[in-house]
Amino acid sequence: MTNSEFYLGAYKKYGLSPKGLNWNSLATQEIRFEIITKFLEDKIDDFIIGDAGCGFGDFLKYWQIKHLEPKEYVGIDCEETFVEICQRRFPSNCFVCRDILQDRLPQVDWYVASGSLNILSDFETWLFLENMLNSATKGVVFNILCGTKRGNIFNYKTKDDMMNFAKKKSLKIEIVDDYLKNDMTIRLQKRI
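Residue numbers (this note's numbering): 1110 to 1301.
Since the hints were made in silico from the structure, they are not lab data. Be careful, since some hints might not be right.
Computed cross-link-like contacts, DSBU-like style, restricted to lysine-lysine with a CA-CA straight-line distance of at most 30 Å [as the list claims (entries may be wrong)]:
(1) Lys1266 <-> Lys1278
(2) Lys1170 <-> Lys1121
(3) Lys1258 <-> Lys1122
(4) Lys1128 <-> Lys1175
(5) Lys1258 <-> Lys1276
(6) Lys1258 <-> Lys1277
Between beta-carbon pairs, the in silico distance windows are [stated by the list, open to error]:
(7) Asp1270 <-> Thr1246: 19 to 27 Å
(8) Ser1113 <-> Lys1170: 18 to 26 Å
(9) Leu1135 <-> Asn1291: 12 to 20 Å
Beta carbons are placed, not taken as given, at the ideal position from N, Cα and C, and that holds for glycine.
Construct the entire structure; sequences and hints are all you get.
Below is the structure:
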């Protein structure tokens, strides 16, 4: 299943809602946002943050409600439809259409990704992370399904997979996995 089939299909069925991006619910989407936000040390307003796979811009909306807007926000999605939705919803912020697996990304302090790695192949997962890391001065914070592969659609990684990647790239790593079943959030931080 392609990215477009997975996400645009859900959007056509459920509209502008968490289910329209294949989230189970608003509650689980926001739990993931909360964990990623904690990894940014409540200094969001000091950072330029790129949101890789921004969907409808829900992460930005979450931060606005919490009064935690970044110094600058750049939303990136490979679906032009979603970028256009975001540009209408948040006209004072920057949204660009990019394929994170192939295109050059804007330079930011941190990249965040919530749900963006869920249907990637093994190769694409590592490429996605490397491309974000290459364009982030501080690092990346993302969530991913935790465990071993089950079926042909969803992408699962283990803690060991993440630890090995961090070690190979000489990155500091922190993992939280006690908030939802089969989910983990990881911060990969560059050593400065």
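Results for each hint:
With a C-alpha separation of about 17 Å, the suggested pair lysine 1266 and lysine 1278 falls inside the 30 Å cut-off, and the hint holds. Between the alpha carbons of lysine 1170 and lysine 1121 the distance comes to roughly 21 Å, so the proposed pair stays at or under 30 Å and holds. Of the pairs offered as hints, the one joining lysine 1258 and lysine 1122 holds, with about 27 Å between alpha carbons and a cut-off of 30 Å not exceeded. Under the criterion of a C-alpha separation no larger than 30 Å, the hint pairing lysine 1128 with lysine 1175 is consistent with the structure, at around 22 Å.
Pair hint lysine 1258 plus lysine 1276 holds up; C-alpha atoms about 22 Å apart against a cutoff of 30 Å. The suggested pairing of lysine 1258 with lysine 1277 holds, with an alpha-carbon distance near 22 Å, which does not exceed 30 Å. A beta carbon spacing of about 25 Å between aspartate 1270 and threonine 1246 agrees with the range 19 to 27 Å that was offered as a hint. Taking the beta carbon of each, serine 1113 and lysine 1170 are about 23 Å apart, inside 18 to 26 Å as hinted.
The hinted window of 12 to 20 Å between leucine 1135 and asparagine 1291 holds, with their beta carbons roughly 19 Å apart.
Violated hints for the displayed structure: none, as all numbered hints are satisfied.
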